[in-house]
Structures are given as C-alpha cells and as structure tokens.
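Chains as they are written, first to last, in the working numbering: chain C, 2 to 147; chain V, 2 to 147; chain X, 2 to 147; chain R, 2 to 147; chain L, 2 to 147; chain Z, 2 to 147; chain H, 2 to 147; chain G, 2 to 147; chain B, 2 to 147; chain E, 2 to 147.
To be clear, the hints were calculated from the coordinates, so they are not data collected in a lab.
Bear in mind that the values here come from a model prediction, so they are computed numbers and not experimental data.
In this text, a Cβ means the ideal position worked out from N, Cα and C, and glycines have one as well.
Where hints are given, some of them may not hold.
27 Å max Cα-Cα, derived BS3-like pairs, lysine-lysine [unchecked claim]:
| # | chain 1 | residue 1 | chain 2 | residue 2 |
| --- | --- | --- | --- | --- |
| 1 | X | K145 | V | K53 |
| 2 | R | K145 | L | K53 |
| 3 | L | K145 | X | K124 |
Sample of chain Z residues facing chain R (criterion: CB under 10 Å; computed from the structure) [stated by the list, open to error]:
| # | residue |
| --- | --- |
| 4 | N3 |
| 5 | V20 |
| 6 | A24 |
| 7 | K78 |
| 8 | D83 |
| 9 | P84 |
| 10 | L85 |
| 11 | I86 |
| 12 | Y87 |
If you want the building blocks of each chain, they are given just below.
10 protein chains.
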Amino acid sequence: MNKDDMTMAILAARKTLDVSWEALSEKVGLAPVFLTSACLGMNSLKPEYADKVTEVLQLDSEVSAALQVCPNKDFAKLVPTDPLIYRFYEIVGVYGETIKELIHEKFGDGIMSAIDYTMHIDKEENPAGDRVVVTMNGKFLPYKSW
Amino acid sequence: MNKDDMTMAILAARKTLDVSWEALSEKVGLAPVFLTSACLGMNSLKPEYADKVTEVLQLDSEVSAALQVCPNKDFAKLVPTDPLIYRFYEIVGVYGETIKELIHEKFGDGIMSAIDYTMHIDKEENPAGDRVVVTMNGKFLPYKSW
Amino acid sequence: MNKDDMTMAILAARKTLDVSWEALSEKVGLAPVFLTSACLGMNSLKPEYADKVTEVLQLDSEVSAALQVCPNKDFAKLVPTDPLIYRFYEIVGVYGETIKELIHEKFGDGIMSAIDYTMHIDKEENPAGDRVVVTMNGKFLPYKSW
Amino acid sequence: MNKDDMTMAILAARKTLDVSWEALSEKVGLAPVFLTSACLGMNSLKPEYADKVTEVLQLDSEVSAALQVCPNKDFAKLVPTDPLIYRFYEIVGVYGETIKELIHEKFGDGIMSAIDYTMHIDKEENPAGDRVVVTMNGKFLPYKSW
Amino acid sequence: MNKDDMTMAILAARKTLDVSWEALSEKVGLAPVFLTSACLGMNSLKPEYADKVTEVLQLDSEVSAALQVCPNKDFAKLVPTDPLIYRFYEIVGVYGETIKELIHEKFGDGIMSAIDYTMHIDKEENPAGDRVVVTMNGKFLPYKSW
Amino acid sequence: MNKDDMTMAILAARKTLDVSWEALSEKVGLAPVFLTSACLGMNSLKPEYADKVTEVLQLDSEVSAALQVCPNKDFAKLVPTDPLIYRFYEIVGVYGETIKELIHEKFGDGIMSAIDYTMHIDKEENPAGDRVVVTMNGKFLPYKSW
Amino acid sequence: MNKDDMTMAILAARKTLDVSWEALSEKVGLAPVFLTSACLGMNSLKPEYADKVTEVLQLDSEVSAALQVCPNKDFAKLVPTDPLIYRFYEIVGVYGETIKELIHEKFGDGIMSAIDYTMHIDKEENPAGDRVVVTMNGKFLPYKSW
Amino acid sequence: MNKDDMTMAILAARKTLDVSWEALSEKVGLAPVFLTSACLGMNSLKPEYADKVTEVLQLDSEVSAALQVCPNKDFAKLVPTDPLIYRFYEIVGVYGETIKELIHEKFGDGIMSAIDYTMHIDKEENPAGDRVVVTMNGKFLPYKSW
Amino acid sequence: MNKDDMTMAILAARKTLDVSWEALSEKVGLAPVFLTSACLGMNSLKPEYADKVTEVLQLDSEVSAALQVCPNKDFAKLVPTDPLIYRFYEIVGVYGETIKELIHEKFGDGIMSAIDYTMHIDKEENPAGDRVVVTMNGKFLPYKSW
Amino acid sequence: MNKDDMTMAILAARKTLDVSWEALSEKVGLAPVFLTSACLGMNSLKPEYADKVTEVLQLDSEVSAALQVCPNKDFAKLVPTDPLIYRFYEIVGVYGETIKELIHEKFGDGIMSAIDYTMHIDKEENPAGDRVVVTMNGKFLPYKSW
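Generate coordinates for the entire structure from the input sequences, incorporating the hints supplied.
What follows is the structure in structure tokens.
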C-alpha cells in the first residue's frame, strides 16, 4: 500500500466514523499538525502511533505499515495557488528578509530547523472576527566553522 | 528618495549608532517584525512612527517620507535560496495541506489573512539548544456566498 | 465523490435538462458567478444551497455533499492560454500598477480582498457591438501596524 | 525622453504640486484609470490630452511627446508578487473558467476585448468596512468562421 | 463526447474515406485553416457547418454537437518544439518589434485582432523550390481613451 | 558601435528628419519589414544598403558598419507581453497544429523556412474597420532521408 | 497505430530477432542515425523504406503506415537530464557563440539547416580509450534581403 | 582584467588588424574552435598559447593572464533564441534519444565526454548550396560498477 | 519489463524476504550506493551482478535483463523538494563556487567526472548525534587544448 | 563594504601576494572549503578568523567586518551551467533517491544537516589519472513526532 492509497483509506474512514483531526490526534496522543501531516503522507509515524491510528479508524495493518514508511516529501507546485496556502507563501516572500534579520540579531548566524520542529494551529476567538494563530517552534542551528 | 535608498540610510545609521532592531522597535513603539519589515521596504509606517524612526536614527525627513509610501512588495525569487528563508518555504510546501485541513476543520471554508496579520519572533532558551519561536496571528476570512 | 466527478455530473444534468447557469442560479437563489464557480469546483456551498442544486438538477445527495467540501483551488497554468481568460490576465499585467496607485490614493495602504468578494457579469447591448460588463466588489483590507 | 523618464517627471510634479490622480484626470477630461495607466507608460495619449497633462503639471513639451508614443506594454513578472496585484491574478485563476462559461452562455463563442475596453475604480462606503468596486467594460468579439 | 474524442473520430474517418482537409473544407464551404482548426478542437462550428462535416465524414450527431461547443484553447507548451511550429514562434520573436513599429506607423496605437481574423495557407510553385505562403488578415483594433 | 547604439542613432535620426519606415525603405530599395528588422538589430544589411541608410539618415559610417554585422538574434521573453506581439504568439499557439496539418497535406513532411523567408505588412481599408494583412512567404524545406 | 505503439513494436521485434540498429539500417539502405530516429518517431520514412523495415522485422503493414506519418517532434524537457544527452546540450551552451563566429566567418550571415541535414556516429578505436565521432552535415542557408 | 574585458580587447584588435579566427588560430597553433572559444571566455589557454595570441594581436600581458584563468562557463539562456544556435539545440532535442541508442549499441553503457573533446567546423562546397560540416570527437567514458 | 516494473519487483521482494540494501550489496559484491542506484533504475548492471541480484531476491530472469539495460537517467524535478535531497542541492548551490576554486587550485582547469565515479555513505557514531559521511571519488578530467 | 567588494579585495590580494587558498586556510587555522566559502561570501567568520585573514592578506578592517556579516546565500541559477558545478548537480539528480534509501536504512527517518556540516576536498594521486575526493560530513537530524 503506497502513501496515496493510505491517505484515501484514512480520509474515507474519518468520514464514515465522523472523527475529526483533533479527536483523532487526542486519541493517538500526538499534536494535530503532526498527525495530520503523517496521515496526508508528509511524515512517518512510529509503530505504536501508527497502530493507534488504525485501531481508532478501524483500518487494517497495511495502513499502519504505510504510515511508518519514510515519505518522499514531494510538493508539486513551486508557487502554490490555493488561496489559503498561497497566503503563507506570500508571508515568506514579504517577511523573509525581516525574519532573517531578527533571527541573526537574536541568535547569530544560523537557521531555524524545519526538522527539529513543531507547529500548532489554534483558534483565538475575537468579536471583530476569530483569528488563526500558528505557532512554529524550531531548534536554532548555528553555522559552525571547521 | 526611493525605498532602496531609504533602507540603505537606515542600515548605515543603525550600524553607526549601534541600535539593534529590538531597541529601535521598543523606542518607536512597534513590534520588531513590523518595524523591521517597514525599514526593509516591505510595509509602510504611519507618520508618527516614521518620524520617530528618523528621530532615533538621526536621519532627515526624506527618510520619514519614504517610510510612509505604500511599498511595491516585489519579492524576487520564486524559490528562495538562502537556507534560513528556504526552510520557511519548505514548511509551507510540506505542511500546506495540513494547515488547510486544520483551518477548515476549526473555522470552515476560508483563509487566514496575510494583511490583518501580526507576527512575532522569540527566543526560547533550552539546554539542548535554543529554539526559535515564530507566532503568526491572522484574521480568519470566511468565503461567503453571494 | 470528488470535485471532478461532481462537476461532470452537474454538466451532464444541465445538458440533459437544458438548464442554463442563469436559470439554475435564479432557482437556487445565488449569483451566477458564485454558483457557477462552486459547480466547477472552485468554491463550496452551504448545505441548503447544495441541496437546492441537486434538487433542480435531479442529482443525488453525493453531489450535494461534494458541493459542500472546501475546495483545493488549484489553477493549473501560471500563464493561461485560452484567449478569453488570457485577456483578463493581460488586464492585470497592463493595469496592475494603475489599480495599485488608485486604490492607495482612495483608501490608503492595503488591498482589495479576493475572499470577501463578489463578482457579476452582465451584457450591455450596444448597436456597435454588445459589451461585457464585469463588476468586482471586494472589501478593502488595510495594512495595520502592530 | 523615454517612457521611464516621463513617468519619473510626472510623479515628481504630482508630488511637488500635490495633485492627485483623480484631480489630474478631472482637469484633463479622462477617466482616472486610463490617465494613470498612460502616465505610468502603459497607454498613449492623444496630443490634446498629453498637452493638457503637461500644462496642469507644469512640465515641458518633451513629456507631452513621450505621452503620445505607442508604448511597449512589457509587464515584468509572470506571477506578480505585490499582494494587491496578486489578488487580481488570483481572481483570474479561481474564476477564469466561470467567466468563460458565463460569457459563452450570454454571448456565444468569443471573448471580451482588452483593447476596446474601459475600467473604473470606485469606493463604496460601508460601515462594515469600505469596499473597492472595479468595473470592467469590454466589447464582445465573436469568433467568426471564414 | 469531448473535443479529444471528436478529433480522433474525424481523423479516423478522414483516413478511412481518404478525404483531405482541402476536399473536406470545399464540401463544407469553409476555408481549410478554419475548418481544420475546428476539427482539431481549437474553434467551434455553427450547426449547419458541423452537420455538414459529419455528413461528409459519415459520423453521428455526437460529433456534430462536439464541434459546436466553445473550445478551451489550451496550448500545451510555452515554447513549442516541433520544428515546423517553432519556426513560426521564432518569426514572432525575431520580427515582433518590427511588426509593432510598422503597424503603429500605418494605423496608430492599437493591435491586430486574433479573433476577427482569417488565415490562408497556399503553395507557390517555384523552380528553386516551392514556397509556403501564409496570409493573415485581422481587424485593426485601436486603443481608445476613456 | 554595437547594435543597440546603432538602433538608437537610427531612431533619433528618423525622428529629427521625420522619415517613416516606409519612406526609408523605399529610398533604400528594400521591403519595410526587412529594413526595419535590420535597423532594430535583428538582421544584417549588405554594404550598399547599409550605406544608403546612413546617407538618407545623415549618419556616419560607423552606423553603416554596425548594420553589416551578423546579429545575435536574442529575443528576450519566452512569452511576449505586449498585446500586439502576444496576439501573434497566440495565433501560433491556437493554429500551430492546423498549420502543420495543412503544410504536410500540401507539401509532404518538412517545414517552412524562417531564413529563406520574406514578410510584408499591408493595410486593407474596410468600412467596418481597417484590417492588417500580413503575408509570410518561406521556402518549403523537405526532410530528406540519408 | 500511433508513433508510440509503432516504436514499442519495433523495439520488441528487434529484441526478439536480435537485430541491431546498424544491421537494420544496412538492410534497409539508410544511415543508422536517420533510420533510428524514424523508428523512435522523430522522422518519417518513404513507403519503400518503411515496408523494408517491417519486412526485416516481420511486422505488419500498420507499422509501415505509422512510419510514413509526419511526426510531431515534441521533445519533452527543455533541459535534458540524461548525462549522455546533457553533454550535447552543454556543448551547444559552451560552444554556441564560437560556432556562430566561425560559421559567419566562413559563410557570411546565415545558419546551418537542421532539416537539409545528415548525421553519422562512428567509433574511433584508441588505446587510451575509444572515442565517439559525431559528424553533422547541414546545408548553409544564407539570410537574404528582400 | 576579467574575461568580458579580455574578449572585448581581442575583438577590437581582430577588427583593427583584420585578423580572422582562422588566421589567428593558424598562427597560434590551435584549432579554430578551441581558440575562438577561449577568446570568447569559455576555455582557458596554456601560457605559451596565451602569449602567442597577445603577440599576434599586439595586446598586453593582462590579456594573456586573463586567457589563462579557468573560466566560469555560464551560458545565459536555458533555451537559446539565436536561430543559428537554436538549430543545434533542436538537433539535440530531435536526435538525442537516437544518439543515445547508437552510442550504447556501439560502446555499451556510458557517455561521450564533453571535456576530453575536440570539435572542427568545415565548409563543404556544393553546387546545390555549400554545406557546414561539424565534427565532434569525444572520449567514450563507460559507467563502471564499484 | 521496463525499469519501473523492475524496481517495483525488487522493492516488493526486499520487503517479503526482509533483505536490506547493505545485505543485498554484500551478497552481490558491489557497493551499496551503486547497487541501490541500479535497482532504482539509474544505473545498469553487468550480467553476473544482475543474475546475482535476482538469485538473492528469488526473482525471474526478466528482472535480470531489465537491470542490464542502459537506463534513461531522467530526474524529474529541476529543484528537488524532499528535504533530504534538497539539502544536497543546497550544498551544490552554496559551495559550488568554492569547490570550483579548490579543484582548479589543486588540479588545474578541468572537472571531476560524474561517470568514472564512486560514492559511499557511512555512519559515524557520535555522542552529540550520529553523523552521515558521504565520500565522493571521481576522476579528474582536464580540459585539453586542440 | 558589501560582500561583493570584500570578495574582490580578497581575490586581488591573493593574486598580488600569491597566496593559495590552501596556504591561506592553513595560516588562518580553518579548513580550505570553509575559509574559501566565507571569502566568496557564502559563510561568515568569527572575529578572530576574520582578522587573521586580513592580516595575512594585508587588507584593512573593513574587509574583516564584512567577513563577519551573516551572508545572504543567494545562488543565482536553478540549473547551474558551469560543467564542474553541473556534475555535482547531476550527482544529486541521479543518486538522490539512492542516498535517501540508504540514509533511511542506516539512520531512520530524517535528513543530513547542511548546517552542522563540514566538507573537505582532497587529491588522490593515481597513475590512471588523479582523482578528486570530496568528503561531506553532516549531522543526522531525525524527524521527531510531537
């Protein structure tokens, strides 16, 4: 079973059993962003988490095995077009140099890791319109001389 | 005075007077991300803030005027190459579909605004290596039917 | 049922029952642009509208469910080639800077929302050749400092 | 004098004399969109209008001559990045097929001209936030057989 | 029946019945360029012409219906590679500015329509090698001020 | 003197002396398309024609020498954006396969040369709007086996 | 039978009958480069050669018919990646201007035809490592004035 | 002195002294293709050859030094547009797979080197039109297992 | 059997028999990098090695034959997106000029062969985190004059 | 002083004083790859190393300051064209999937860091032709769940 079929199976089971990503991640014991990304084929799960997913969604062991495979993180479009995703791309374009200036000022020369990294998405209620809060947390990796 | 010359003048003054972005933003009364992005030419400042910048950095009124101009947010490369910036682009590629799933689950069909938007960058000290914390906060904009 | 199959089903039903987009949108109670875009898979419908579509077109509930799913707005070509669509792309290229100047003059720094947005297409009869009138109406979103 | 120098001269004069695009277009007797696009180098003006622009802005006849030259409408980026302009590009991507369906339904096979074309930008005041109204009006050009 | 299947059906019938494009266009009463482009899916035919095509080629009414549908003129490659087609692309690249200069000199600011347009391809016999003669005829569309 | 400076000198002289491309080509004894393309740097002239150009335009021998140099036919944009030039690109996209079918039907396998090639642009007066007539004439080059 | 199926049939027959391209071309009476390119779908064969190919390879007349069709020379990648093919692309990049200088010096302004063209590939034995010898022979086509 | 200035100096001296590439290469004792490519900045020369070039062209030692520098072989366009150079690119596109088949048949798996490589360009006189003969000779480099 | 089916068969057999790439390469007598690349379709194997692979993995002779075919090394994305692979692309971007400087300093003008080339990947245990060691070894190929 | 001017100053001093990269790195106490990359503007140096560079090369303190600035690692071409650099790009293309398979087999899901990374280039003498040995050493960064 490849990652695409795995994702199809999970999406179908979620719909049939009416399980939200949040409910699923709570039962599995992982953050929603990480769990969802693994179910969409962009991260791999450790066996105990993969088995938990298939148990909750009543799927067979092939799905669990597929969840454990190291994924090929192949994102198809150099410029994303979906408006929701494009806005994040635009933020990187507009604020990229700013982020670079401030990280260098606070930490010195180096980067924020996208591997030793966590992300959370929350809803902030607001009478003028609810707000999306995205929190990224990545290890600072300094460039070292050798 | 165009935006490029404005940025050059500000960078030179910061160096001469040894004023960090954080110190500057504190004196001006704006968040570091927003102030830095305006100084780099990617946002405009209201007159009172623009004047405050030039006062702190001992620059003349042409710089203040340039800071108030609506910028042309022209980001040059479709795929950024600087490793620090690229990692954010990669995050959008790898987690884009996940972000979309979770925002739709929490809020319904719509997007996170990149305009009614704030961003903060913080340092989280950690014995295993300090961490970069990026907090994005954008208004949810629902698609409406008409 | 995915969005592609949904669109195929709707197009087939329209042809069989000979229902125009205008007639369909009138019966459903939505503007033709919005309804057509939802039927082509580029917007989602609220349940009551989705059910109305399937009722008018004598389609089953799977189609209604598919109409309610948040779409992935993936437009395939960075430069469109169909002459009708290309002309709109050309208008954005030729008049983009002009639109920017005038919106900034009238509203200050900010953008026109493409989300809190409506569009109408009308026919203006004219002895020298009928004319297409496109009316776009989007909320102005000001950039705010923080 | 080429078109770039012409635009620079006009922008400088507007600033010195504090003349808005709307005020300028009213005095010249042309719509703001058309006049602004000509001043930015994307359209040519007839001699009487060009002379009127230089009269109002107190510029010499070289500027008038440059305004009358047929422009090379060279728009630089295949995917525009400025958020204000990008939103219009996104509208073409998201609603392109819809526009095509509805124009064909109303007019038959053909296109909306981008040459025999006018555009107006207006402000609609609204307590929930002012709105930008863009009205495009282009001649329908039918494909003919031969 | 979509346009691709329509084209396949026509090509197969032409081969079986051994009908050339010229012979077909003569019987239908349209120019070879226009008729061929419609059969290849890049233009639509009026009902009487579409029916004539299917009558000559002994095809059923589905083909006639498909010929009448407004096509999506989606040309796949930004830079064509087939040597015959590339030469025309090269001519546009090498002579584009020249064509622009001469049309502006003869007609003023405006363009040649590609919609109100006809094209013919003829053979000129020549002892030093036969020659291809392509005649394009398009309405001049002047830019107008508004 | 390189080709760019040569073109600048010729354009300036044409303006000063008020010589149209048509008048210039008539005096030199070449077709307007060919002569204009050479003056814009996309073709080379034989010495007698180059000298004639500089004589008519009262330019010195450096310009004549530059006109005789084999040009580097470097056309800048893969997709041209000027509307007048784009329409020709669109014609190649929309009618490319049709042209290929008809040339193969009339001549067999081969191409139309873009080198052994002439082009003329004429004005056809028409009460419903004047028309641009472009005539291309290129030698047929058959593919040969070996 | 389209060109892809034709190529598959020929490759399968070559393998079953163990016939090399050289042996095949010798029996057919054509050069290996030309014959191979036709079998791969990038050139067409005259009937007598096409019939000879199918006779040698014991294939039916459909293959012969497909070999006679004018091909669509659609090469898929603008920058080839296979190392063997890329090296030729690199040669064009590195030596392109040199080739241009030398052909202009020897022949005047014009090009080498890629249509009235032959190519041969030979093996030169050499104790320091055998060498590939590629000989291209194309008619010089002079640019002519008109 | 960088490579661009070096090339300018050489081209100017060639013109002043009226020395062809062939005459220059004969005096220096290298093949025209190699010598020209080095003078255009795409290869480096050994000291004795570099000195010989500057001696023949009466240039100073800086030019010789620049000729000896390892070049950065940066070719600017992924798809060349000059017709003479494009034809070679087209040959690689059309015949690439054929060349691959025949080299593998004659030599086994491997490539033709573009580094241990020579190239010659000759003129073949022919009453039906002179012909350009390009001879490429590169060492075969087999892929080896390890 | 084509290369894709060959790879699928090998991956399935590895999983069923639980044979790692290292174990497989040890039994076959080739380095893991080379053997894996051949199994993934990017290199060819000599018959004795191909047969050994199919013997170990209990696959039939078709797989062995496919392993011996010269591959088409077609890598799909100009900019790879998988983070593991992208890091190597980034290294080439960031250190490319450095590598060039140092190879030229040590060896003179020339390149490192990617054909007469071996590569090994090792694990270096380290209490601060294990490290990946990649060793590339390629023959230096000097540019020669001719 | 920006990074470009810094690099120019260093290259000029190296040439005047005849200091190789290896000699310079030995005196400074850093590896040649790292030091060269910093001098070419792709890495930053700690103050003590930057001062040592300017001491050895007899350059002033501005160069040292520029060496300490965090660089913008902007590599210009998506597909590098210099043959030496392209070969490394090709290795990433051809062996990318292989490297991925083997790192995952040895280390689990994760990547090799390009930041916590060292690289060395050595010469291996060999009677059949000297060889370039490139050793890359990067920390393994595991993907972690959260």
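Verification of the supplied hints:
For the given pair, X/K145 sits about 17 Å from V/K53 by alpha-carbon distance, which is consistent with the 27 Å threshold. At most 27 Å may separate the alpha-carbon atoms for a hinted pair to count; R/K145 and L/K53 meet this at roughly 17 Å. Note on L/K145 and X/K124: the hinted pairing holds, with a Cα-Cα distance of about 20 Å set against a maximum of 27 Å. This hint is violated: Z/N3 has a C-beta 18 Å from the nearest C-beta of chain R, more than the 10 Å allowed.
The closest approach between the C-beta of Z/V20 and any C-beta of chain R is roughly 17 Å, which is over the 10 Å cut-off, so the hint fails. At about 18 Å, the closest approach between the beta carbon of Z/A24 and any beta carbon in chain R exceeds 10 Å, and the interface hint on this residue is violated. Satisfaction of the interface hint for Z/K78 is found here, the shortest Cβ-Cβ separation to chain R being roughly 8 Å, below the 10 Å cut-off. With 10 Å as the threshold, the beta carbon of Z/D83 comes within range of chain R, its nearest partner Cβ sitting at about 5 Å, so the hint holds.
Because the beta carbon of Z/P84 sits about 6 Å from the nearest beta carbon in chain R, less than 10 Å, this interface hint is met. The interface hint given for Z/L85 holds, since its Cβ lies 8 Å from the closest Cβ of chain R, which is under the 10 Å cut-off. For Z/I86, the shortest C-beta to C-beta distance to chain R is roughly 9 Å, which falls under 10 Å, so the interface hint holds. Interface restraint check for Z/Y87: the shortest CB-CB distance to chain R comes to about 9 Å, inside 10 Å, so the restraint holds.
Of the numbered hints stated above, those contradicted by the structure are hints 4, 5, 6, listed in ascending order.
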